[in-house]
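Using the sequences and the hints given, assemble the complete structure.
From first to last, the protein sequence lines are chains A and B. The first sequence runs 11 to 349 under the numbering used here. The second sequence runs 11 to 349 under the numbering used here.
Simulated from the structure, these hints should not be mistaken for lab results. Treat the hints with care, as some may be off.
Just so you know, same-sequence chains aren't split out, so a pair can sit in one copy or run between any two.
To be verified - SDA-like, lysine to any residue: derived pairs with alpha carbons at most 25 Å apart:
#, residue 1, residue 2
1, Lys203, Glu132
2, Lys217, Lys335
3, Lys104, Lys146
4, Lys147, Arg265
5, Lys143, Pro277
6, Lys32, Glu132
7, Lys259, Asn280
8, Lys340, Asn199
9, Lys146, Gly251
10, Lys197, Glu77
11, Lys32, Asn68
12, Lys50, Asn215
13, Lys217, Lys347
14, Lys143, Ile263
15, Lys143, Arg309
16, Lys313, Glu51
17, Lys210, Arg333
18, Lys98, Ser83
19, Lys203, Gly115
20, Lys197, Pro82
21, Lys245, Gly192
Number of protein chains: 2
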Amino acid sequence: MDNFRIALDCMGGDYAPDEIVKGGVLALEEFDCDILFIGKEELIRQVLKKYKLRQDVNIINSKDSIEMNSSPSSVLKRKNSSLYIAGKLLKENKADALVSAGNTGAVLAVGKFVVGACDFLERPAIAVALPNKLGKKTVLVDVGANVDSKPRHLLDFAVIGHTYAEEILDIKNPTIGILSIGEEEGKGNDLVKDTFPLLKETKLNFKGNAEGRDIYNGNFNVIICDGFVGNIVLKASESLGISLIEMIKEEVIKRPVSKLGALLMKPAINAFKKKVDFEEYGGTPLLGTQKPVIITHGRANAKAIKNSIKITKAFLSHHFNERMKDNFEKYIQPALKVL
Amino acid sequence: MDNFRIALDCMGGDYAPDEIVKGGVLALEEFDCDILFIGKEELIRQVLKKYKLRQDVNIINSKDSIEMNSSPSSVLKRKNSSLYIAGKLLKENKADALVSAGNTGAVLAVGKFVVGACDFLERPAIAVALPNKLGKKTVLVDVGANVDSKPRHLLDFAVIGHTYAEEILDIKNPTIGILSIGEEEGKGNDLVKDTFPLLKETKLNFKGNAEGRDIYNGNFNVIICDGFVGNIVLKASESLGISLIEMIKEEVIKRPVSKLGALLMKPAINAFKKKVDFEEYGGTPLLGTQKPVIITHGRANAKAIKNSIKITKAFLSHHFNERMKDNFEKYIQPALKVL
Chain A
11 MDNFRIALDC MGGDYAPDEI VKGGVLALEE FDCDILFIGK EELIRQVLKK YKLRQDVNII
71 NSKDSIEMNS SPSSVLKRKN SSLYIAGKLL KENKADALVS AGNTGAVLAV GKFVVGACDF
131 LERPAIAVAL PNKLGKKTVL VDVGANVDSK PRHLLDFAVI GHTYAEEILD IKNPTIGILS
191 IGEEEGKGND LVKDTFPLLK ETKLNFKGNA EGRDIYNGNF NVIICDGFVG NIVLKASESL
251 GISLIEMIKE EVIKRPVSKL GALLMKPAIN AFKKKVDFEE YGGTPLLGTQ KPVIITHGRA
311 NAKAIKNSIK ITKAFLSHHF NERMKDNFEK YIQPALKVL
Chain B
11 MDNFRIALDC MGGDYAPDEI VKGGVLALEE FDCDILFIGK EELIRQVLKK YKLRQDVNII
71 NSKDSIEMNS SPSSVLKRKN SSLYIAGKLL KENKADALVS AGNTGAVLAV GKFVVGACDF
131 LERPAIAVAL PNKLGKKTVL VDVGANVDSK PRHLLDFAVI GHTYAEEILD IKNPTIGILS
191 IGEEEGKGND LVKDTFPLLK ETKLNFKGNA EGRDIYNGNF NVIICDGFVG NIVLKASESL
251 GISLIEMIKE EVIKRPVSKL GALLMKPAIN AFKKKVDFEE YGGTPLLGTQ KPVIITHGRA
311 NAKAIKNSIK ITKAFLSHHF NERMKDNFEK YIQPALKVL
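Have a look at this one:
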């Protein structure tokens with residue numbers, strides 16, 4: 011049995027440290043794992059006092075905490091912060107993964123520059139698994155770790171996405187598309203046009219250009235793109251989802267008979283909301299780093315933190331980084347030698 | 011009273027020529043305008059025979075028609091096609107606007123290279139008005155006419171969007187944002203970082219970076235972006251909208267009580283669908299060309315064509331191109347002199 015050591019940044023997030031520590035306790039009670047609680051020891055102990063714990067808890071004291079509005083570059087100088095210390099534990103092989111609900115830019119900076127990229131990749135990337143019309147998931151990589159990516163970086167995103175689909179979503183030999191503005195080869199911007207022939211050279215199950223609509227219709231298992239585009243699409247989608255529900259509500263309020271209908275439909279709407287609730291997924295992973303870094307939503311409560319730790323465990327028990335390395339050697343490296 | 015001459019490409023679209031001609035007839039009956047029916051005269055006359063027309067109809071015969079899967083570049087060589095002839099009528103000032111449900115790439119090519127850009131702009135762009143959470147509209151420019159745009163092109167998109175918001179949506183001094191991946195100045199890719207200071211120099215009501223979520227939350231009246239990003243966000247949004255409705259349906263089917271609820275909610279859902287149905291808007295305009303070019307959905311039926319002609323009339327009666335020129339001189343030109 012693996013005994014994973016998960017570094018939990020207890021000082022990051024809107025409800026830190028209370029909900030973060032509480033989430034860590036829930037995870038300890040439910041899952042088999044070691045959690046390193048990193049933060050102001052006194053504050054952590056205050057929260058822990060409320061629980062009867064069956065085991066000793068590992069606390070690593072930190073003097074400094076990154077604010078939700080700190081600039082990502084400043085974070086790299088604040089070496090006494092809980093987040094920086096957590097990153098360093100990964101780098102020094104004293105922890106196997108990092109979970110933080112701190113500000114995304116700061117967690118990204120620590121992931122990219124403190125933990126660092128895997129030796130075989132140039133750029134880590136953020137992957138999300140979005141629900142599609144077929145009732146399955148589509149992996150979108152990168153959704154915000156990189157802007158102005160180069161073709162070589164998109165190959166990294168492809169192997170990250172491929173491994174995510176195989177290991178976490180259990181999709182064998184996943185189909186891969188590159189996000190563009192037209193199906194045919196030759197359509198797209200310079201980055202797409204330059205990356206397309208490289209992807210054809212790899213041994214990945216590359217199916218050509220994907221369009222915006224393909225993100226939600228299930229035509230591809232994995233879609234890769236520059237993080238600028240991916241981030242905008244993701245945030246627009248979240249916002250559109252919320253807006254659509256608001257718009258339906260508005261129309262319902264206008265019609266008394268619809269109000270009754272809405273009441274009767276409530277269980278269905280709730281089930282649906284749960285399905286598309288990006289927070290239910292328990293954090294977004296930055297992958298391609300020396301060890302996985304899980305970015306949890308800033309508004310994460312204890313349950314969300316517990317879910318994040320659950321997904322972190324999934325990455326670790328699948329030996330995600332080893333599989334990614336195998337896949338890189340099998341699918342990408344032969345192409346790089348040709349190029 | 012203006013007497014606008016609208017060139018209608020009768021051979022473009024999945025239901026051409028029947029539904030297109032029929033849509034033109036509906037427009038003639040409802041609105042005050044001249045329609046130039048361009049296509050195979052014999053086919054057009056066959057459709058017209060079914061109607062008692064109160065007036066003579068202008069038909070311009072064309073020997074060739076662009077297929078829905080023709081490559082955009084081939085279109086520019088097919089000078090006898092209805093679409094090319096329509097574009098040429100605009101160029102030669104023999105028509106005031108063009109409506110086509112033909113393949114988007116082909117219509118774009120004709121708009122950009124046959125009709126051509128306004129003298130004061132470098133790049134025409136496609137603008138859409140998307141419904142936002144505030145029950146208003148947000149204008150997004152460009153959604154697909156340009157890839158790998160330069161900062162100067164984004165200034166063109168800004169004046170196109172500003173004029174659209176003022177003239178068509180009746181929003182005075184509209185707020186303008188540039189689509190990026192973070193609110194603060196300095197966040198984004200190279201294009202955003204290079205365009206941001208130029209936008210600050212203009213006299214537009216520039217409010218800084220917009221994020222993906224801002225497209226649907228109503229925080230900006232106009233959001234500008236490269237057409238690669240805009241196209242992907244738009245197509246992802248359309249597809250997500252459809253998927254969400256499918257997912258709700260699926261949850262409803264599982265629950266008998268919800269089925270009754272769904273029945274009672276139907277009027278609200280239909281009103282909502284109408285609100286977010288991109289086809290209801292009656293076509294997407296390519297603006298910044300010598301004369302407006304309205305791209306109607308390939309699946310357009312007669313009603314959609316009629317709606318496209320209606321929106322075309324709105325652009326013409328607002329003297330859109332003259333207003334755009336005024337705005338360019340007032341808001342953009344002083345900045346260009348400084349730069």
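Review point. Is it within a copy, between copies, both, or neither that the alpha carbon of Lys340 lies no farther than 25 Å from that of Asn199?
Key: Close neither inside one copy (28 Å) nor across copies (32 Å); limit 25 Å.
### Query
Given identical chains, is Lys259 near Asn280, meaning Cα to Cα at most 25 Å, within a copy, between copies, both, or neither?
Both: 13 Å inside a copy, 12 Å across copies.
- Message: One pair to classify: Lys143 and Pro277, alpha carbons no more than 25 Å apart. Within, between, both, or neither?
- Response: both (20 Å within a copy, 24 Å between copies)
Worksheet item: Checking Lys50 and Asn215: alpha-carbon separation at most 25 Å within a copy, between copies, both or neither?
Response: neither (48 Å within a copy, 45 Å between copies)
| Under a CA distance limit of 25 Å, which applies to Lys197 and Pro82: within one copy, between copies, both, or neither? | Answer is between: at 11 Å across copies they meet the 25 Å cutoff, but 35 Å inside does not.
Check: For the identical chains here, do Lys197 and Glu77 meet the 25 Å Cα criterion within one copy, between copies, both, or neither?
Finding: Between. Shortest inter-copy distance 18 Å satisfies the 25 Å Cα cut-off; intra-copy 43 Å does not.
inquiry  = Checking an output row: Lys245 and Gly192, CA cutoff 25 Å. Within, between, both or neither?
reply    = Classified as both: same-chain Cα gap 22 Å, cross-chain 11 Å, threshold 25 Å.
_One pair to classify: Lys203 and Gly115, alpha carbons no more than 25 Å apart. Within, between, both, or neither?_
Classified as between; 17 Å across copies, 29 Å inside a copy.
Query - Intra- versus inter-subunit Cα pairing at 25 Å for Lys104 with Lys146 - result: neither (36 Å within a copy, 53 Å between copies)
Alpha-carbon proximity between Lys147 and Arg265, which holds within one copy, between copies, both or neither at 25 Å
For Lys147 and Arg265, only the inter-copy Cα distance (23 Å) is at most 25 Å; the intra-copy one is 35 Å.
Please sort Lys32 with Asn68 into within, between, both or neither, judging by C-alpha distance up to 25 Å. Cα proximity of Lys32 and Asn68: one copy only (14 Å, versus 75 Å across).
* Given a CA cutoff of 25 Å, do Lys203 and Glu132 count as a within-copy pair, a between-copy pair, both, or neither? -> both (20 Å within a copy, 24 Å between copies)
Of the numbered hints stated above, those contradicted by the structure are hints 3, 6, 8 and 12, listed in ascending order.
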